[in-house]
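Visitor: The chain contents come next:
There are 2 protein chains.
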Amino acid sequence: MALVVQKYGGSSVGDARSVKRVAKRIAEAKRAGNDVVVVVSAMGDTTDELLDLAQQITPLPPQRELDILLTAGERISMSLLAMAITNLGVKAKSYTGQQAGVITDAVHGRARIVDVVPHRIRETLNKGQVAIVAGFQGVTQGTNDVTTLGRGGSDTTAVALAAGLGADVCEIYTDVDGVFTADPRIVPAARKIDRVSYEEMLELAACGAKVLALRSVEYARRYGVPVHVRSSFSAHDGTRVLAAEEKSKENAMEAPIISGVAHDRSESKITVIGVPDVPGMAARIFEVVAGAGANIDMIVQNVSAAATGLTDISFTLPDGDGPATMAALTAVQGELAFDSLQFDDQIGKLSLVGAGMKSHPGVSARLFGALRDAGINIEMISTSEIRISVVTRADSLDDAVRAVHTAFELDGVDGEAVVYAGTGR
Amino acid sequence: MALVVQKYGGSSVGDARSVKRVAKRIAEAKRAGNDVVVVVSAMGDTTDELLDLAQQITPLPPQRELDILLTAGERISMSLLAMAITNLGVKAKSYTGQQAGVITDAVHGRARIVDVVPHRIRETLNKGQVAIVAGFQGVTQGTNDVTTLGRGGSDTTAVALAAGLGADVCEIYTDVDGVFTADPRIVPAARKIDRVSYEEMLELAACGAKVLALRSVEYARRYGVPVHVRSSFSAHDGTRVLAAEEKSKENAMEAPIISGVAHDRSESKITVIGVPDVPGMAARIFEVVAGAGANIDMIVQNVSAAATGLTDISFTLPDGDGPATMAALTAVQGELAFDSLQFDDQIGKLSLVGAGMKSHPGVSARLFGALRDAGINIEMISTSEIRISVVTRADSLDDAVRAVHTAFELDGVDGEAVVYAGTGR
Numbered sequence: 038m039a040l041v042v043q044k045y046g047g048s049s050v051g052d053a054r055s056v057k058r059v060a061k062r063i064a065e066a067k068r069a070g071n072d073v074v075v076v077v078s079a080m081g082d083t084t085d086e087l088l089d090l091a092q093q094i095t096p097l098p099p100q101r102e103l104d105i106l107l108t109a110g111e112r113i114s115m116s117l118l119a120m121a122i123t124n125l126g127v128k129a130k131s132y133t134g135q136q137a138g139v140i141t142d143a144v145h146g147r148a149r150i151v152d153v154v155p156h157r158i159r160e161t162l163n164k165g166q167v168a169i170v171a172g173f174q175g176v177t178q179g180t181n182d183v184t185t186l187g188r189g190g191s192d193t194t195a196v197a198l199a200a201g202l203g204a205d206v207c208e209i210y211t212d213v214d215g216v217f218t219a220d221p222r223i224v225p226a227a228r229k230i231d232r233v234s235y236e237e238m239l240e241l242a243a244c245g246a247k248v249l250a251l252r253s254v255e256y257a258r259r260y261g262v263p264v265h266v267r268s269s270f271s272a273h274d275g276t277r278v279l280a281a282e283e284k285s286k287e288n289a290m291e292a293p294i295i296s297g298v299a300h301d302r303s304e305s306k307i308t309v310i311g312v313p314d315v316p317g318m319a320a321r322i323f324e325v326v327a328g329a330g331a332n333i334d335m336i337v338q339n340v341s342a343a344a345t346g347l348t349d350i351s352f353t354l355p356d357g358d359g360p361a362t363m364a365a366l367t368a369v370q371g372e373l374a375f376d377s378l379q380f381d382d383q384i385g386k387l388s389l390v391g392a393g394m395k396s397h398p399g400v401s402a403r404l405f406g407a408l409r410d411a412g413i414n415i416e417m418i419s420t421s422e423i424r425i426s427v428v429t430r431a432d433s434l435d436d437a438v439r440a441v442h443t444a445f446e447l448d449g450v451d452g453e454a455v456v457y458a459g460t461g462r
Numbered sequence: 038m039a040l041v042v043q044k045y046g047g048s049s050v051g052d053a054r055s056v057k058r059v060a061k062r063i064a065e066a067k068r069a070g071n072d073v074v075v076v077v078s079a080m081g082d083t084t085d086e087l088l089d090l091a092q093q094i095t096p097l098p099p100q101r102e103l104d105i106l107l108t109a110g111e112r113i114s115m116s117l118l119a120m121a122i123t124n125l126g127v128k129a130k131s132y133t134g135q136q137a138g139v140i141t142d143a144v145h146g147r148a149r150i151v152d153v154v155p156h157r158i159r160e161t162l163n164k165g166q167v168a169i170v171a172g173f174q175g176v177t178q179g180t181n182d183v184t185t186l187g188r189g190g191s192d193t194t195a196v197a198l199a200a201g202l203g204a205d206v207c208e209i210y211t212d213v214d215g216v217f218t219a220d221p222r223i224v225p226a227a228r229k230i231d232r233v234s235y236e237e238m239l240e241l242a243a244c245g246a247k248v249l250a251l252r253s254v255e256y257a258r259r260y261g262v263p264v265h266v267r268s269s270f271s272a273h274d275g276t277r278v279l280a281a282e283e284k285s286k287e288n289a290m291e292a293p294i295i296s297g298v299a300h301d302r303s304e305s306k307i308t309v310i311g312v313p314d315v316p317g318m319a320a321r322i323f324e325v326v327a328g329a330g331a332n333i334d335m336i337v338q339n340v341s342a343a344a345t346g347l348t349d350i351s352f353t354l355p356d357g358d359g360p361a362t363m364a365a366l367t368a369v370q371g372e373l374a375f376d377s378l379q380f381d382d383q384i385g386k387l388s389l390v391g392a393g394m395k396s397h398p399g400v401s402a403r404l405f406g407a408l409r410d411a412g413i414n415i416e417m418i419s420t421s422e423i424r425i426s427v428v429t430r431a432d433s434l435d436d437a438v439r440a441v442h443t444a445f446e447l448d449g450v451d452g453e454a455v456v457y458a459g460t461g462r
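Protein chains in written order, with our numbering: chain G, 38 to 462; chain F, 38 to 462.
Please note: incorrect hints may appear among the correct ones.
Copies of one chain are not kept apart here, so a pair can be met inside one copy or by any two copies together.
[Unchecked claim] The calculated lysine to aspartate or glutamate pairs, modelled on DMTMM-like cross-linking and capped at a C-alpha distance of 25 Å, are:
no.: 1; residue 1: K61; residue 2: E160
no.: 2; residue 1: K57; residue 2: D89
no.: 3; residue 1: K164; residue 2: E283
no.: 4; residue 1: K164; residue 2: D152
no.: 5; residue 1: K57; residue 2: E86
no.: 6; residue 1: K57; residue 2: D85
no.: 7; residue 1: K164; residue 2: D142
no.: 8; residue 1: K128; residue 2: D205
no.: 9; residue 1: K128; residue 2: D89
no.: 10; residue 1: K61; residue 2: E86
no.: 11; residue 1: K128; residue 2: D142
no.: 12; residue 1: K128; residue 2: D432
no.: 13; residue 1: K61; residue 2: D89
no.: 14; residue 1: K57; residue 2: E422
Think of the hints as simulated: they come from the structure by calculation, not from any bench.
This is chain G alone, in the form it adopts within the complex (with noise of 0.2 Å):
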């Protein structure tokens, strides 16, 4: 008997007929012996809706109450899944994230889980019944009041959960059959990898693949909680997140060391002209970007011109964050004496990611080859122990992923392979 931890997402619970047909699939692997405890997001468009209802009221709502108005969404997939496999001949409960013992801190919109205390949980479990939690949800430990985890937050709330039950598994429910080594969107021939390492699912995560948020899978990571990423319409094995020491031992054979090839079109450049090239200037730059609340991803300088004592300065940002950071940087444009700021936001970035990926020369080469060969410019670049990162436009960018995803021969082989990179625009 294992202990299961599954995650559902809207998609899967958008209306009352899968709502109900996600209830057979739970009180199947109820009868089959398991523990199981299930995390339900807000139903099909629920959120966006709320979100649009607090727009009519005005245009800057208090986050503690845009908090607890989101978390409306949660309480009503929850209290009817339950009422579905209750239905079903299973008992089942809802609990909210409070009463569920996800404790965050106090950062209404995008809280950190800092405990989990699963009491009921664990008691429901004692008594032989499923127990539900609200995805995306949490309260602060001192003053009991309800806080949300932002983008992808009901994939935290399961890992957590997992880790704080010592589930053996968490299984997060998509509409794809796991993670693939690129979008199918864009490579047909894209395969879905069996098994990826925890460290390569988080280059891919943070370089634009949806299948599972980032900090769901620092949170596997750091507790090394297996994380298995697949279809709700199929009983067919999805991916597989695992550490790497796990990932190798199965796999007897050298492992490739090329995992997939992301993408990611939701990121702008600000390119900052005729920067005086003097000693702290781009900690003061960055100063004033951070202060402006910005996330920076890639940051680029150029060699200064020695005629002129210039240089130039780019960095890419989420685009929600460009305003506030143009803003932000023209304030003090003055003090600064650069010569102007340029905003583009038709840029796309393409990552590949592997293990060992600098260790085996040679793969940069053949990356920016591919990419030579289909006619595409280079704007950044950026590298990590197991990714690069390349910046291209924005309408090349699906162009680059095929080049890449046919170079290192990921074409509908067998073998391991890289991620599902749907950036929803």
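Chain F: place on chain G using the hints.
Guide: Chain F only, in chain G's frame:
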């Protein structure tokens, strides 16, 4: 500076626009120097929509889950209202029943408030902020489970909070101007009454007046909470519900004894025909009825016909309790040896309410005379210290209300008078 608890029902916060309108009213009360606590119901038809969703899942949802589901409604309205008030420059925070310290028993679906511990509400007031509280809901003490209070629960929340906080007044906002001498839709000459005692209001609410929930009046009476029923669309005074002593104190002249005429179309009548007239038979019948969960209102037993030794017993009960009660009685027909059962949902009940009715002879004679003159047949009669109720055919009820309203000189004259008795049928 007064401490005011205001309650707004679902129709007052039906959409974003109404929420903003209500917010303005609340902000005004705050700016006028009051401490303001607001209890709010779910927006418009939200509760019915959630009930419908549950019905799509299962015809018999577990009550605990249904309660969690329904409380999503107030979560939405309360957070939107807090946003709207904040947007007007007045600080406001919203609290669930649990956060506001509304402790109930564990009878899901119709829980009773057992304690109110409004620490956080008091803190919020001390900071000079408006506290918004979800109506209709509470939490069980030990298990921290979410409960709902049943129909009219938000009125009860408001009165209970007003009692717990020692508020100066509990204002119940509605879409009519207050409590009327009769339903103005039936009696165009009906007048708003300025003051009514708790006891009279109790009888009126119990007899079909919908403007205030019965349980909230009980609560107000027990804790001496001054209630003010008024329109959310005007600034006029509505109806004040207060202790009988207060009522007569403020009213120097001798108070007319009649408060008003209430009516109710939501009951049915069951007649058990040919019951052996032996001791204990009525007790046994009403044991069975109670076992079916029905709330009995009026009971009439015919005088036994000496020749047969048989009698008939009729009683009224809420329409919804009819089928289960009929089934329960049918099941014991053999044991109790009665002849047959009749079910009649085409009845109406008229109630005349007023202080000291029993000590004023002639009131019932005048009532029966008025009905006789209008050609209306009386099927059942029951009386209390301050009320006379009669059952008529449902289709005669409007005529009966008008006839009695006129006979007691309530039409369009200043003075005391009775309640808006709309039943929604």
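Visitor: Given identical chains, is K128 near D205, meaning Cα to Cα at most 25 Å, within a copy, between copies, both, or neither?
Guide: within (22 Å within a copy, 47 Å between copies)
Visitor: Tell me, please, which holds for K164 and E283 at an alpha-carbon limit of 25 Å: within, between, both or neither?
Guide: Cα proximity of K164 and E283: none, with 33 Å in one copy and 55 Å across.
Visitor: Given identical chains, is K128 near D142, meaning Cα to Cα at most 25 Å, within a copy, between copies, both, or neither?
Guide: Answer is between; shortest inter-copy Cα gap is 22 Å, intra-copy 33 Å.
Visitor: How would you classify K57 and E422 at a CA-CA limit of 25 Å: within, between, both, or neither?
Guide: For K57 and E422, the Cα distance exceeds 25 Å both inside one copy (45 Å) and across copies (54 Å).
Visitor: As a check of your reading, is K57 near E86 (CA-CA no more than 25 Å) within one copy, between copies, both or neither?
Guide: Both ways: K57 and E86 sit 22 Å apart in one copy and 18 Å across, limit 25 Å.
Visitor: Can you give me the call for K164 and D152, within, between, both or neither, at a CA distance of at most 25 Å?
Guide: Close inside one copy (24 Å), not across copies (30 Å); limit 25 Å.
Visitor: Check K128 against D432 for me: Cα-Cα at most 25 Å, and say if that holds within a copy, between copies, both or neither.
Guide: neither (52 Å within a copy, 47 Å between copies)
Visitor: Reference check for the pair K57 and D85, CA-CA at most 25 Å: within, between, both, or neither?
Guide: both (23 Å within a copy, 20 Å between copies)
Visitor: With identical chains, the pair K128 and D89 could be close in the same copy or across copies; at 25 Å between alpha carbons, which is it: within, between, both, or neither?
Guide: Close across copies (22 Å), not inside one copy (35 Å); limit 25 Å.
Visitor: Is the C-alpha distance from K164 to D142 at most 25 Å within one copy, between copies, in both cases, or in neither?
Guide: between (31 Å within a copy, 23 Å between copies)
Visitor: Using 25 Å as the alpha-carbon threshold, which applies to K61 and E86: within, between, both, or neither?
Guide: Close across copies (24 Å), not inside one copy (27 Å); limit 25 Å.
Visitor: At 25 Å max between alpha carbons, let me know whether K61 reaches D89 within a copy, between copies, both or neither.
Guide: between (32 Å within a copy, 21 Å between copies)
Checked against the numbered hints given earlier, the structure breaks hints 3, 12, 14 and satisfies all the rest.
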